[in-house]
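J.: If you want the building blocks of each chain, they are given just below.
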Amino acid sequence: MTTAIAINALTKKYGTKTVVDNISFTIKEGELFGLLGVNGAGKTTLIKMLSGLTMPTTGDATLLGKSVTQSPEQVRQVIAVSPQETAIASNLTVRENLELLAGIQGFNKEEGKRKADEMISQFSLQPFEKQRAKTLSGGWQRKLSIAIALISEPQILFLDEPTLGLDILGRRELWAQIEKLKEKTTIILTTHYLEEAEELSDRICIMKNGQMKALGTAQELIKTSKKTSFEDAFVHFVTEGDVQ
Amino acid sequence: MRILLFANRTTKEIVRDPIAILFGLGFPIVLLLLLSAINKSIPVDLFHITELTPGIAVFGLSFMALFAAQVISKDRESSFLTRLFTTPMTSKDFIIGYSLPLLVMSIVQGIICYVIAILLGLSISTPMFIALALLIPPAFIFVSLGLICGTLLSEKAATGLSGALLTNLSAWLSGIWFDLDLVGGPFKTIAYALPFVHAVDMGKAAMSGQYSDIFPHLWWVLGYAVVLTVLAIVLFKMKMKAD
Numbered sequence: 008m009t010t011a012i013a014i015n016a017l018t019k020k021y022g023t024k025t026v027v028d029n030i031s032f033t034i035k036e037g038e039l040f041g042l043l044g045v046n047g048a049g050k051t052t053l054i055k056m057l058s059g060l061t062m063p064t065t066g067d068a069t070l071l072g073k074s075v076t077q078s079p080e081q082v083r084q085v086i087a088v089s090p091q092e093t094a095i096a097s098n099l100t101v102r103e104n105l106e107l108l109a110g111i112q113g114f115n116k117e118e119g120k121r122k123a124d125e126m127i128s129q130f131s132l133q134p135f136e137k138q139r140a141k142t143l144s145g146g147w148q149r150k151l152s153i154a155i156a157l158i159s160e161p162q163i164l165f166l167d168e169p170t171l172g173l174d175i176l177g178r179r180e181l182w183a184q185i186e187k188l189k190e191k192t193t194i195i196l197t198t199h200y201l202e203e204a205e206e207l208s209d210r211i212c213i214m215k216n217g218q219m220k221a222l223g224t225a226q227e228l229i230k231t232s233k234k235t236s237f238e239d240a241f242v243h244f245v246t247e248g249d250v251q
Numbered sequence: 010m011r012i013l014l015f016a017n018r019t020t021k022e023i024v025r026d027p028i029a030i031l032f033g034l035g036f037p038i039v040l041l042l043l044l045s046a047i048n049k050s051i052p053v054d055l056f057h058i059t060e061l062t063p064g065i066a067v068f069g070l071s072f073m074a075l076f077a078a079q080v081i082s083k084d085r086e087s088s089f090l091t092r093l094f095t096t097p098m099t100s101k102d103f104i105i106g107y108s109l110p111l112l113v114m115s116i117v118q119g120i121i122c123y124v125i126a127i128l129l130g131l132s133i134s135t136p137m138f139i140a141l142a143l144l145i146p147p148a149f150i151f152v153s154l155g156l157i158c159g160t161l162l163s164e165k166a167a168t169g170l171s172g173a174l175l176t177n178l179s180a181w182l183s184g185i186w187f188d189l190d191l192v193g194g195p196f197k198t199i200a201y202a203l204p205f206v207h208a209v210d211m212g213k214a215a216m217s218g219q220y221s222d223i224f225p226h227l228w229w230v231l232g233y234a235v236v237l238t239v240l241a242i243v244l245f246k247m248k249m250k251a252d
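Protein chains in written order, with our numbering: chain A, 8 to 251; chain B, 10 to 252.
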């Protein structure tokens, strides 16, 4: 497998506060990579730097060979972000939201319609396609948010807390959708739900105070921490563990 | 292409909010009807239709600031803007995409205001069309103020500031409802340091056919329009980088 993302000593400082501290690791193409940490760990800042929303203070990262510091415009051509909030145009219909983002990504009108059809079908949005986004339930808004992110056929997808606020059925349903995406997209997933990270991720990085505390598969992290569950392993790393 | 797509989206986002339309279009029209009715019972020069219409048209523009502030701050708070910042959209696409529909709406609102005034007795004339055209510079002022509020403030603060404060400021300090000479002093000085009364006065000058009286008011309005438009662009670009 080739490298999709190569992070090299990435650091972000706001004044004297270091929020991401000298992070380095690689993510393979087609991998679903979980990014975990307690609040303030630096996950969102790391994603912002990788998606070109924030410039690193020092260090660099390449996404499919494109540098986030040298050519952020080229990075934007291959990524999509589904932010923690639903990030939809509330007064547009489901179809209009999809077609708008398709157009912004450079698809012509016909291609945009075709791509919207695909997403509506893939995410079972047919009953709501003419409904305004703000009238959808939280679960359907989340699905629409991910569908919007996918309309550009990104090679790398950032999912920031994709199941936040969903009930267990909604989460399970979204997990199934995310599992399907793994086949052709590299996914970086941040979540506070440990079982979600354990269930979906090929590898997991645990961050604390801007630093990487552990990296490996869920089983490797359990083994390294000498704990019996992933939750205990996580607690171990964010309370006393060192970089493994 | 991206600009037009985004401008189309901004338009839909605003016109599909019935309360916005009710206030933005309805309120100035209600004021025009009400004050004209008062003028019929108790004639006051200030409320004569040729004097009143340019003022109400300028006052109506203050709602464009509210719409701009509302749509941008909402896009920021819902992270829709964050999502768009990761697409190939440029700052030019965003700024024109937000501003263009509001500038068009300003003109449409002005036309509706003058059509109502015609129904109330205003005669169709060249000065009327010039007064209508003179709504464009103040439209830039209000749209830019909305862009600035939406870029810097939360949805609650942005709509509060541009909805309550700005509409009141533009109402009280524009000489629409009362002659500023009657108050005089610092109130009049402050009013004439701001662009609102100048926007109304140049409209009134145009309506009276005294085109030379449009100046220096037009320079004041153009000055504010240029400064605020540049400031709105700079602040939005800074916000894009900061996010």
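Treat the hints with care, since some could be wrong.
On the chain B side, residues computed to face chain A include the following (Cβ under 10 Å) [to be verified]:
1) Met10
2) Ile23
3) Arg25
4) Ser87
5) Leu90
6) Ser100
7) Trp186
8) Asp188
9) Asp190
10) Lys250
What the hints contain is simulated information worked out from the structure, not anything from laboratory work.
Yeah, the Cβ is synthetic: ideal placement off N, Cα and C, and Gly gets one too.
J.: Out of the numbered hints, which ones does the structure contradict?
T.: Violated hints (numbers, rising): 6, 7, 8, 9; every other hint is consistent with the structure.
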